[in-house]
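Enquirer: Sequence:
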Amino acid sequence: MASPVSRTLAGRAFTIAALAGAVGIGSYSMVAENGTREQPQAESSTTATKETSISETPTTFTTADQGSCLTWEVKDDGSISNFEQADCEGPHRFEVALREDLGTYPTSEFGPDAAMPSQTRQAQLREELCGAATVRYLDGKYDPNGRYSIAPILPPASAWEKGDRTMLCGLQETDRNGELVFTSGYVADQDQARVFETGECLTIDAANTLTPVECAEPHQLEITATVDLKPVFADHTPNVDEQDAHLGDVCTAAAQDYLGGEENLYQIGLDPFWTTQRTEAWEGGSRSVNCALVAPREGGQFAELVGSAVDGREHLLIDGAAPPEQPDRRPLREASEQPPAAAQ
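Every letter in the sequence shown is one number past the one before it in full-length UniProt numbering, and letter 325, counting from 1, is 325.
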């Protein structure tokens, strides 16, 4: 009988691709929606003011510049309050990478009478003005499939009507639903890996999107640990084989700890599994990976699980059936070996 590690390696490519695809899709959709959902904007003014032109340098809605951090509160109706600068080492929602004046944009698109950019146009401005500048701000250390996404912030409608064309480009973090969350510390100093919490169960849909669900619902993976690989490979970028060699033992031990012992892992009928970081993700700042439990199928895909492995085999279904009975085996060597008796 193949070991859990060797049996699971055959199915790794499928889930690694799924993880990468899921994070990439989530990051882009969040950026595209940021302009209207949680972008900090004050209530719109009903009267446009044309007495102030852009050339007269109107008062800007914020003095925040590169290296500043911002925070705000979101009311129940979605409006923004308490928009202010914050200590980057403490909780905040946004880190500024670039301050841009759209009034100098090389067209008349953002002239004195121009309407605010639409959601679609804001996504385009993110690509045109924010993307490369933000990566430069991070000295090239950015994982687009990681925790942080690049996004713009525009003035509130009232400031835009008075001629303020300031746009801030920067970095923010979202939860699994695409909602902005508080983060602490400068992005350049953080592990950018997007990982799942121990005990979460994940489903993989037809689009290879990973979504946390209740473990009582159908799923394919159950997370057993998060592993920081930075101390292990402190002096170089590890390839997948190097990560596999380290994580095979680490994630097997994590599965045993998660289930309360090696015998429980053997009896549950699931295999240890782990993710790895691709070279571009590692060099972009992602250092952590997940260990999980799976039931591999022929062909490299994973069986559907219902129930949490921590509740035992009697509460777990694998593709609609109870876990297969495991054959009797000899006691493990480390359990059967006893230290020699002390000399009398």
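In case anyone wonders, no lab produced these hints; they're calculated from the structure. The structure displayed is predicted, hence computed values, not measured ones. Please note that a few of the clues may not be correct.
[Stated by the list, open to error] Straight-line C-alpha distance at most 25 Å; calculated DMTMM-like pairs for lysine to aspartate or glutamate:
#1 Lys141 <-> Asp205
#2 Lys141 <-> Glu280
#3 Lys230 <-> Glu73
#4 Lys75 <-> Asp175
[Claimed, not checked] Ranges of calculated distance between the beta carbons of each label pair, as one might list FRET restraints:
#5 Glu242 <-> Ser184: 56 to 62 Å
#6 Thr59 <-> Gly300: 36 to 42 Å
#7 Ala206 <-> Thr226: 35 to 41 Å
#8 Asp65 <-> Thr120: 38 to 44 Å
#9 Pro91 <-> Asn208: 20 to 26 Å
#10 His315 <-> Arg121: 32 to 38 Å
#11 Asp87 <-> Arg329: 54 to 60 Å
For every residue, glycine included, the Cβ atom is placed at its ideal position computed from N, Cα and C.
Enquirer: All hints are to be evaluated individually against the structure, with a verdict given for each.
Expert: Checked hints:
no., hint, in the structure
1, Lys141 <-> Asp205, "30 Å, violated"
2, Lys141 <-> Glu280, "10 Å, holds"
3, Lys230 <-> Glu73, "34 Å, violated"
4, Lys75 <-> Asp175, "18 Å, holds"
5, Glu242 <-> Ser184: 56 to 62 Å, "31 Å, violated"
6, Thr59 <-> Gly300: 36 to 42 Å, "59 Å, violated"
7, Ala206 <-> Thr226: 35 to 41 Å, "27 Å, violated"
8, Asp65 <-> Thr120: 38 to 44 Å, "27 Å, violated"
9, Pro91 <-> Asn208: 20 to 26 Å, "33 Å, violated"
10, His315 <-> Arg121: 32 to 38 Å, "52 Å, violated"
11, Asp87 <-> Arg329: 54 to 60 Å, "57 Å, holds"
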